[in-house]
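Knowing the structure of chain W, use the given hints to seat chain R on it.
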Amino acid sequence: MPEVHDIQFKEPAAQAASAVEELQDMQGEKMVLNMGPSHPATHGVLRIVLELDGEIITKASPDVGYLHRGDEKIAENMTYTQFIPYTDRLDYLAPLANNVAYALAVEKLLGIEKNLPPRCQYIRVMCCELARISSHLLGLGAFGLDLGAVTVFLLTFTEREKIYNLAEALSGARFTTSYTRIGGVSRDTPPGWCAAVRKFLNEVVVNISEMETLLTRNKIWMDRTRDVGVISKADAIDYGLSGPNLRGSGMDYDLRKVQPYLCYRDLQFDVPVGSVGDCYDRYLVRMEEMRQSVRILHQCLDKIPGGFDNQTREPVNVADGKIVLPPKDKVMSGMEELIHQFMLVTQGMNVPPGEIYFGHENPKGELGFYINSRGGGTPYRMKIRSPSFVNLSILSHLLPGHMMSDITAILGSLDFVMGECDR
Amino acid sequence: MTALESASQIKAHFGDLISEPAEFRGEITIQLADAERIADVCAAAKKDLGFDFLVDISSLDNYGEDPRWTLVYHLRRLADSCELRIKTNVSEEKSELPTVISVWLTANWHEREIYDMMGIRFRGHPDLRRILMWEGYPYFPLRKDFPLAGKPSEVPDVAFTKPAPLEGGPFVTAPGGKDAIEREPRVRTPEN
Numbered sequence: 008m009p010e011v012h013d014i015q016f017k018e019p020a021a022q023a024a025s026a027v028e029e030l031q032d033m034q035g036e037k038m039v040l041n042m043g044p045s046h047p048a049t050h051g052v053l054r055i056v057l058e059l060d061g062e063i064i065t066k067a068s069p070d071v072g073y074l075h076r077g078d079e080k081i082a083e084n085m086t087y088t089q090f091i092p093y094t095d096r097l098d099y100l101a102p103l104a105n106n107v108a109y110a111l112a113v114e115k116l117l118g119i120e121k122n123l124p125p126r127c128q129y130i131r132v133m134c135c136e137l138a139r140i141s142s143h144l145l146g147l148g149a150f151g152l153d154l155g156a157v158t159v160f161l162l163t164f165t166e167r168e169k170i171y172n173l174a175e176a177l178s179g180a181r182f183t184t185s186y187t188r189i190g191g192v193s194r195d196t197p198p199g200w201c202a203a204v205r206k207f208l209n210e211v212v213v214n215i216s217e218m219e220t221l222l223t224r225n226k227i228w229m230d231r232t233r234d235v236g237v238i239s240k241a242d243a244i245d246y247g248l249s250g251p252n253l254r255g256s257g258m259d260y261d262l263r264k265v266q267p268y269l270c271y272r273d274l275q276f277d278v279p280v281g282s283v284g285d286c287y288d289r290y291l292v293r294m295e296e297m298r299q300s301v302r303i304l305h306q307c308l309d310k311i312p313g314g315f316d317n318q319t320r321e322p323v324n325v326a327d328g329k330i331v332l333p334p335k336d337k338v339m340s341g342m343e344e345l346i347h348q349f350m351l352v353t354q355g356m357n358v359p360p361g362e363i364y365f366g367h368e369n370p371k372g373e374l375g376f377y378i379n380s381r382g383g384g385t386p387y388r389m390k391i392r393s394p395s396f397v398n399l400s401i402l403s404h405l406l407p408g409h410m411m412s413d414i415t416a417i418l419g420s421l422d423f424v425m426g427e428c429d430r
Numbered sequence: 003m004t005a006l007e008s009a010s011q012i013k014a015h016f017g018d019l020i021s022e023p024a025e026f027r028g029e030i031t032i033q034l035a036d037a038e039r040i041a042d043v044c045a046a047a048k049k050d051l052g053f054d055f056l057v058d059i060s061s062l063d064n065y066g067e068d069p070r071w072t073l074v075y076h077l078r079r080l081a082d083s084c085e086l087r088i089k090t091n092v093s094e095e096k097s098e099l100p101t102v103i104s105v106w107l108t109a110n111w112h113e114r115e116i117y118d119m120m121g122i123r124f125r126g127h128p129d130l131r132r133i134l135m136w137e138g139y140p141y142f143p144l145r146k147d148f149p150l151a152g153k154p155s156e157v158p159d160v161a162f163t164k165p166a167p168l169e170g171g172p173f174v175t176a177p178g179g180k181d182a183i184e185r186e187p188r189v190r191t192p193e194n
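Same order as they appear, the protein sequences are chains W and R. To convert, take the position in the first sequence, counting from 1, and add 7; that gives the working numbering. To convert, take the position in the second sequence, counting from 1, and add 2; that gives the working numbering.
In case anyone wonders, no lab produced these hints; they're calculated from the structure. Wrong hints could be hidden among the right ones.
Said to hold, decoys possible - The calculated DSS-like cross-link candidates involving lysine-lysine, where the alpha carbons are at most 25 Å apart (straight line), are:
no. : chain 1 : residue 1 : chain 2 : residue 2
1   : W       : 264       : R       : 13
2   : R       : 13        : R       : 49
3   : W       : 121       : W       : 310
4   : R       : 89        : R       : 48
5   : W       : 264       : W       : 310
6   : R       : 49        : W       : 240
7   : R       : 48        : W       : 240
Chain W extracted, bound-state conformation (with noise of 0.2 Å):
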């Protein structure tokens, strides 16, 4: 197979000429400055390479792949259930979120996305909910941190520990939660856990307040952010920007709103929107989100099927052998199972041929997975659209004239993860 390529690729050291080059040709105006991979205020590992003019931005180029672990070329070698693991390092902080996106679109491939128990449904967007304070909280607090306000950075990370203790029992794993089966969850919530839920959210609630009185009318807050980073609507859209990002910006548009998926339809939440498009209004956004997410959880605690700790044993997968592992002692004891079993675990559910994208609303923003079956257990293809690799594409046209210190507000307002941006 003849490879196929005609773009010429320069010399490492004939680059390096070319740049002293474009050096020289400045004149000694302008220097170039490479920010990152490793640098506290990038996050992870992005790079930026930028041209200064004085301390102003004149140019700046974005470079991501520093943690491209290929993911989607995994994906094409395992079944859609071992996959589900991989989820988890997307967007490493907030895992839960990742496992339900990744759910719920193989779910719309198979066609079962509407024979979801309804327990399984409320549980699931409190997994995602949670998530999204969980990862808004070291969003902020990050962004805090990174202009100078370190309380907060300590108050998100109380907060945030106490997610991840319920995520632990929830799933035992603190991190790698890998909550989510196709057709189901893997476990139903353990004895006390909801109850736990409610203690928390009363508890947010007072840390997002005192949060709030931080960094809300903070004169220093403000100078740092305000009409910095400005993003117009028909820039966020152009660029496709996604999330908080897009909101802060002032497109309403908010997938649980206008595509509800899961029991979203049966739950009342507003869609905060921003209004100048800058890093304060981001900032407002999130912070309104997670108040909305802990009025999403306290509804979900008030109305989920079976209650608390499940007294009327609801389901929390569907019922279907070729879809959802059945439950251990059956295994051991009839025919079906045992078939369904072994067929589940060498060879993966049957799935029938097509395509589907599924967009999930996640914290950074639309976390979107297009696959491609040609049936069997594996799928073809499968694409997985990044809310953080699309975040970060608007960097070359939004840091320009920009002072040098602004970036750090910026990027931090444009919240995004590398393991994400880079699959």
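Showing chain R alone in chain W's frame:
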């Protein structure tokens, strides 16, 4: 306007270039016969039908089939959240089609990623460089003929890469592939 009506309008505009809309799981897909017209179709979809948001561009490697590449564009109209998928094929000899950056700026990085991963070029792209792999990397890793374990390559002046041992790594279950004994050296008995 539903996705189906939008697809019919595009078909009315471009005639035989566009296939009949296909529906699967509530999603509408149309196939564009000539990849050279993709920018025109996208521009018309944005201008006349209001598809202002490009969600994603994906690429497929139909290895062993002709044409080898399929490009998949996911369009969305934010006003009513209507979605439409446009697919078009590109042959391996050509491996090139026009860019849609002039329609949506977000296409920039999506197209760079496809060039990087599959080796399909976008004519008119202002900055068609690799994005996830490093500049100078000789292969296109998402092609079906690129092995999962990887190939050895040089990272200029820094390091080198080796194929991954895959020990405890991805459990390969491609249907019709080698069985576990063929695939996995650790389970081979000494006679083999």
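Each hint tested on the structure:
{"no.": "1", "hint": "264/W to 13/R", "in the structure": "violated, 30 Å"}
{"no.": "2", "hint": "13/R to 49/R", "in the structure": "holds, 15 Å"}
{"no.": "3", "hint": "121/W to 310/W", "in the structure": "holds, 19 Å"}
{"no.": "4", "hint": "89/R to 48/R", "in the structure": "holds, 16 Å"}
{"no.": "5", "hint": "264/W to 310/W", "in the structure": "holds, 19 Å"}
{"no.": "6", "hint": "49/R to 240/W", "in the structure": "holds, 17 Å"}
{"no.": "7", "hint": "48/R to 240/W", "in the structure": "holds, 16 Å"}
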